[in-house]
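Peer 1: Sequence:
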Amino acid sequence: MEDVCSIVFLSFDILFLHFYILLFVFLKLPKYNNSIFKFLTFFGILGFVISLPIYWYGDFKLKQNGYINCYKKSISAPQKYAKNEKLCD
Numbered sequence: 075m076e077d078v079c080s081i082v083f084l085s086f087d088i089l090f091l092h093f094y095i096l097l098f099v100f101l102k103l104p105k106y107n108n109s110i111f112k113f114l115t116f117f118g119i120l121g122f123v124i125s126l127p128i129y130w131y132g133d134f135k136l137k138q139n140g141y142i143n144c145y146k147k148s149i150s151a152p153q154k155y156a157k158n159e160k161l162c163d
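Numbering (this note's numbering), first residue to last: 75 to 163.
Hint data in this document are derived by calculation from the structure and do not stem from the laboratory.
Heads up, some of the hints might be wrong.
[Unchecked claim] Dumping the calculated DSS-like pairs for lysine-lysine here, alpha-carbon to alpha-carbon at most 30 Å:
1. K157 to K137
2. K146 to K157
3. K137 to K154
4. K160 to K135
5. K157 to K147
6. K135 to K146
7. K160 to K147
8. K154 to K135
9. K146 to K160
10. K137 to K160
11. K102 to K112
12. K147 to K135
13. K102 to K135
14. K137 to K147
[What the hints assert, rightly or not] Here are the simulated distance ranges between beta carbons:
15. F113 to Y145: 39 to 49 Å
16. Y129 to F93: 26 to 36 Å
17. F98 to S150: 53 to 63 Å
18. Y94 to Y141: 57 to 67 Å
19. A151 to F93: 53 to 63 Å
20. I128 to L97: 22 to 32 Å
Every residue, glycine too, gets a C-beta built ideally from N, C-alpha and C.
Start from the sequences, fold in the hints, and give me the full structure.
Peer 2: Okay, structure coming up:
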């Protein structure tokens, strides 16, 4: 038991040093932080703008083909379409 305690006690310093180095490396701000942020923001807004017309087009086409919207039990539930109201369950 003494050997295990001494190994744990002596290895604490090495483990602490490794965790400190990892923390320092991962929390350091990247060199191109602003350009990466602008790039990701642009693609986020572009994705949002493109997704709305695609959703509206899909909804229009499904309703045009005779599908109906099923009742959503919660706001976060996905949109369901069915040909018959009995299939909505």
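Peer 1: If a hint holds in the structure, say so; if it doesn't, say that too.
Peer 2: Status of each hint after checking the structure:
no.: 1; hint: K157 to K137; in the structure: holds, 9 Å
no.: 2; hint: K146 to K157; in the structure: holds, 16 Å
no.: 3; hint: K137 to K154; in the structure: holds, 12 Å
no.: 4; hint: K160 to K135; in the structure: holds, 21 Å
no.: 5; hint: K157 to K147; in the structure: holds, 19 Å
no.: 6; hint: K135 to K146; in the structure: holds, 20 Å
no.: 7; hint: K160 to K147; in the structure: holds, 16 Å
no.: 8; hint: K154 to K135; in the structure: holds, 14 Å
no.: 9; hint: K146 to K160; in the structure: holds, 14 Å
no.: 10; hint: K137 to K160; in the structure: holds, 17 Å
no.: 11; hint: K102 to K112; in the structure: holds, 19 Å
no.: 12; hint: K147 to K135; in the structure: holds, 24 Å
no.: 13; hint: K102 to K135; in the structure: violated, 49 Å
no.: 14; hint: K137 to K147; in the structure: holds, 20 Å
no.: 15; hint: F113 to Y145: 39 to 49 Å; in the structure: holds, 40 Å
no.: 16; hint: Y129 to F93: 26 to 36 Å; in the structure: violated, 45 Å
no.: 17; hint: F98 to S150: 53 to 63 Å; in the structure: violated, 38 Å
no.: 18; hint: Y94 to Y141: 57 to 67 Å; in the structure: holds, 58 Å
no.: 19; hint: A151 to F93: 53 to 63 Å; in the structure: violated, 41 Å
no.: 20; hint: I128 to L97: 22 to 32 Å; in the structure: violated, 42 Å
Checked against the numbered hints above, the structure violates hints 13, 16, 17, 19 and 20; every other hint is satisfied.
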